[in-house]
Structure formats: structure tokens, C-alpha cells
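A.B. asks: In the order they appear, the protein sequences are chains A and B. Quick note on numbering that gives the first Met the number 0: the first sequence kicks off at 0 and runs consecutively. Quick note on numbering that gives the first Met the number 0: the second sequence kicks off at 0 and runs consecutively.
By construction, these hints were calculated from the structure, which means they are not laboratory data. Any given hint could be a false lead.
[Claimed, not checked] Straight-line C-alpha distance at most 30 Å; calculated DSS-like pairs for lysine-lysine:
hint : chain 1 : residue 1 : chain 2 : residue 2
1    : A       : LYS6      : B       : LYS293
2    : B       : LYS105    : B       : LYS90
3    : B       : LYS228    : B       : LYS90
4    : B       : LYS228    : B       : LYS213
5    : B       : LYS47     : B       : LYS152
6    : B       : LYS220    : A       : LYS6
7    : B       : LYS27     : B       : LYS124
8    : B       : LYS295    : A       : LYS6
9    : B       : LYS250    : B       : LYS263
10   : B       : LYS143    : B       : LYS102
11   : B       : LYS27     : B       : LYS320
12   : B       : LYS27     : B       : LYS338
13   : A       : LYS6      : B       : LYS263
14   : B       : LYS152    : B       : LYS90
15   : B       : LYS250    : A       : LYS6
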Amino acid sequence: MQDINIKITDRNGVTHDVVAPTDMAMNLMEVVRSYELAEEGTIGICGGMAMCASCQCYVNSDNELPEMSDDEDAMLAEAFDVEDNSRLGCQIQMTPAMEGLEVTLAPES
Amino acid sequence: MITTDILIIGAGPTGLFTIFEAGLLKLKCHLIDALPQPGGQCSEIYPKKPIYDIPAYPEILAGDLTDKLIEQTKQFEPGFTLGERAETIDKQDDGTFIVTTNKGTKHHAKIVAIAGGLGSFEPRKPKIESLEKFEDNGVEYIIKEPEFYRDKKVVISGGGDSALDWAIFLSDVASEVTLIHRRNEFRGALDSVEKVQELKNLGKITMITPAEVKGIVGEDKVTGVVVEKKGEEPFTLETDHFIPLFGLSPKLGPIANWGLEIEKNAIKVNNALDYQTNIPGIYAIGDVNTYPGKLKLILCGFHEATLMCQSAYKRIFPDKKYVMKYTTVGGVEGFDGTKKEAPKAVVKAID
Numbered sequence: 000m001q002d003i004n005i006k007i008t009d010r011n012g013v014t015h016d017v018v019a020p021t022d023m024a025m026n027l028m029e030v031v032r033s034y035e036l037a038e039e040g041t042i043g044i045c046g047g048m049a050m051c052a053s054c055q056c057y058v059n060s061d062n063e064l065p066e067m068s069d070d071e072d073a074m075l076a077e078a079f080d081v082e083d084n085s086r087l088g089c090q091i092q093m094t095p096a097m098e099g100l101e102v103t104l105a106p107e108s
Numbered sequence: 000m001i002t003t004d005i006l007i008i009g010a011g012p013t014g015l016f017t018i019f020e021a022g023l024l025k026l027k028c029h030l031i032d033a034l035p036q037p038g039g040q041c042s043e044i045y046p047k048k049p050i051y052d053i054p055a056y057p058e059i060l061a062g063d064l065t066d067k068l069i070e071q072t073k074q075f076e077p078g079f080t081l082g083e084r085a086e087t088i089d090k091q092d093d094g095t096f097i098v099t100t101n102k103g104t105k106h107h108a109k110i111v112a113i114a115g116g117l118g119s120f121e122p123r124k125p126k127i128e129s130l131e132k133f134e135d136n137g138v139e140y141i142i143k144e145p146e147f148y149r150d151k152k153v154v155i156s157g158g159g160d161s162a163l164d165w166a167i168f169l170s171d172v173a174s175e176v177t178l179i180h181r182r183n184e185f186r187g188a189l190d191s192v193e194k195v196q197e198l199k200n201l202g203k204i205t206m207i208t209p210a211e212v213k214g215i216v217g218e219d220k221v222t223g224v225v226v227e228k229k230g231e232e233p234f235t236l237e238t239d240h241f242i243p244l245f246g247l248s249p250k251l252g253p254i255a256n257w258g259l260e261i262e263k264n265a266i267k268v269n270n271a272l273d274y275q276t277n278i279p280g281i282y283a284i285g286d287v288n289t290y291p292g293k294l295k296l297i298l299c300g301f302h303e304a305t306l307m308c309q310s311a312y313k314r315i316f317p318d319k320k321y322v323m324k325y326t327t328v329g330g331v332e333g334f335d336g337t338k339k340e341a342p343k344a345v346v347k348a349i350d
């Protein structure tokens, strides 16, 4: 088992250093929820199906991210406050390759 | 005034199953939901997605689960107030409640069961300056009455099923329909995408992609929208209506002001007994409640609904003796006069 270290900046601009397990099939949205870095009910509304964009985040580090699925791409096309580095947290699995990941949560919409 | 025994706020899976459990106890239910159809998230967000943890269903589509729950409750003739949001609650001197919706519909009930999930679904509004000023003056987020758009110019923005479906529908009603989306690709059912393509070729729908509506033009009413096509100068497009269709997102809304104990956007309940809130007679079941160890699962909502109905019965009939009956033994007697029961075994002597 290997834990990874990631930095998550919440919607109030506070950066948190977080340790995430790689053996729990967790994604970034779930890590945010487990550390309660966003108010319950404002993130992961669809449960992680790339169908609501409530877990949108901006990726600030240069980790090689998993390729974007058509679902995620289409959802981001309808979301608000989308930037070039926008991703859906629920589509980023916690793997050793995510060590050092730095993200900022997008505003609630 | 609508009167009922149990008023259920939220017509998702938990709310729907409550009708059945209440019906077994001969209690009538009425449901309020902000969405125009029952099913909650299962119908609105992911009807085509499979669920694997409904007992006895190795796999069931969320939309099919809704259909089956509705079928199961039919015998108990539930009432529905759909497309309206529960706004206020007034406790009466006799311990009953009057719940009024945003459209003024009043419901009188002995028991209120909040099965509101993550809240009522509200349209997601794009961040466009002065958008709210034009609401109901040319900006609409939900199409209630298509005839309203007869011979009018309409601009729809969005890239999902509702944007596509309404563009198709209104192309027969409105004088002009323009569909604006940030991408060239649309995320919708394939036949909807193909139909829009066909209507575009016939000149019945104008497409502007990849583009975004950036502003609204008009004094008191919408007369046009400012459209920005990627990499080009913005231009003004004349229109009578602007309909942004970017899906819905749930908000706890007015329930938060009902004097209930709220923690983490959920309503605190007594999970040792009956899922009652801090206000006697008001229960909260399913995803909307919280207690130590809470799991937001449909199957947990079913369990909570069942225990809640038992408690509601005791509250309504404090002096009646009651024992729980198995449906296999007692059958299911509907309010519509029908009865489902196990077939009687035939006894025949063997010579």
C-alpha cells in the first residue's frame, strides 16, 4: 500500500496538505469529501458519474492525468467557470502517479 | 386544500416506497416534488444508469426502478403535486400541519415526511450579467407552456438532452429557433442529435457553435442576446426569448428555514427509533437526513421509510393495538378495492 501527498485548495482559498490512499479505489472527489474540504451536499452530487460537474477542479501541477472520457468532456462543455485546466475530481483516481497533485476546487454553481 | 394522512416531500425512491409502507397501514399519502415527474435523481439525473445494490436486483436501471416503485404504489392511489416546491409549514393547534408550495397549493396532513434527497432541483443559471433582471421577461429556465413561444424568436443555449429536445420541439412552434453551445459536440441521445442535424439542414434550426451567450440586450424585456463565437468579435442576435438549459442542481432551499436541526446540509433525526426530527410529527428519511453512521443509499431510505410509517401510525392512532403483518400472510389490500394475496393451496384427498 502506498499513500500519496496532494494539495487541495478549497473554495475559500485555503490550501490543505492531504494524504490519500491509493488502495481504496478512491477518486479526488471522494478524497475531498472524506476530508470534508467542501460542504456536504455541494460536491459529488451525482455520486461520481461525471454527470453534474459539482466536483470540478483546476489542476495546477503537471502530473500526467488519466485521459478525459467523452462523458467528462461533454459535462465540462456544459459546466460554468471552466478553464483549460478544468477536470472533474470524480474522474481522477488516486494512483501513485498522482503523487504531488495540486488542485483548486472550482466555485459552487 | 389537499388533505392526507402523510404528506411526503420529495418523490424520489424513498418517498415513493413510503406510499407502499403507509398503505399497508391504511394511511394515505400525498407527495410534493419540484420536478415535473416522480423519481427524483433516478429519473432526472441518471435514468439510464444501472444500480447494483437494490436487494434482489443484480442490476436495474434507475429509470426502471422508478417505474417499478410507482407500479408497486398504484394500489394505494397516492396524490401528487408536481412541479411545485414546498415553501412553508405551519403547525396547527391540533398537531397537524399545513404545507404551502411556491405556487400557493395548500396541503393539510397529520404527518410530514421529508424525503427530499439533496434538496429541490433548481435550474443552473449561467453567469451572465443582469440575467436575473430579465427572468420571466424573456429569460426562462424551464419551458412550461410551449404555446407561449408561438411565432416568437427563441435562443436556446446548452448541449444536453433538454437543449436538443426543446430545440426540436420549438422548431415547430416558434418563428425562429437558434441553438448555441460551447462545443460542436452535443451530449444527448443519438436520435435527438440526428434530428437536430436534419432540422438544421432544413433551415428550421440555426446553430451557432462553438459559442456562448455573454450578455442580454433589452430595456424591460429581452430583445436580443450578445453571442461570442470562439475567436470572433461578439455580435447581437435579435430574439424574444433566451432559454438557458444547463441542467438542474439540488438545493435544500426553504426546508432549511423550517426550524429543523440541520447538520452538513442534512436534517438531524432520531435513528434509535423512528427518524423523527426535532419537531414532533415531522420525519426525515432517505438522503436528506443524517445520524451517526448514515449512508446515503436507496436501500437505507427504504428501511427508514418503513420504520417511519410505523411511528406515524402510532402517532395518528395512539390507542389502537397493532401488530405488523407479513404481506405474504395478509396480502395487500389497496384503496382502489383490489387485493393481492397468496393463492390458496388446494386440498384434495388421495385415495
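A.B. asks: Determine for every hint whether it applies to the structure shown.
C.D. replies: Okay, the hints, checked on the actual structure:
no., hint, verdict
1, A:LYS6 / B:LYS293, "holds (28 Å)"
2, B:LYS105 / B:LYS90, "holds (13 Å)"
3, B:LYS228 / B:LYS90, "violated (54 Å)"
4, B:LYS228 / B:LYS213, "holds (10 Å)"
5, B:LYS47 / B:LYS152, "violated (33 Å)"
6, B:LYS220 / A:LYS6, "violated (47 Å)"
7, B:LYS27 / B:LYS124, "violated (37 Å)"
8, B:LYS295 / A:LYS6, "holds (27 Å)"
9, B:LYS250 / B:LYS263, "holds (13 Å)"
10, B:LYS143 / B:LYS102, "holds (14 Å)"
11, B:LYS27 / B:LYS320, "holds (19 Å)"
12, B:LYS27 / B:LYS338, "holds (16 Å)"
13, A:LYS6 / B:LYS263, "holds (23 Å)"
14, B:LYS152 / B:LYS90, "violated (47 Å)"
15, B:LYS250 / A:LYS6, "holds (28 Å)"
The structure does not agree with the numbered hints 3, 5, 6, 7 and 14 stated previously, though it agrees with the rest.
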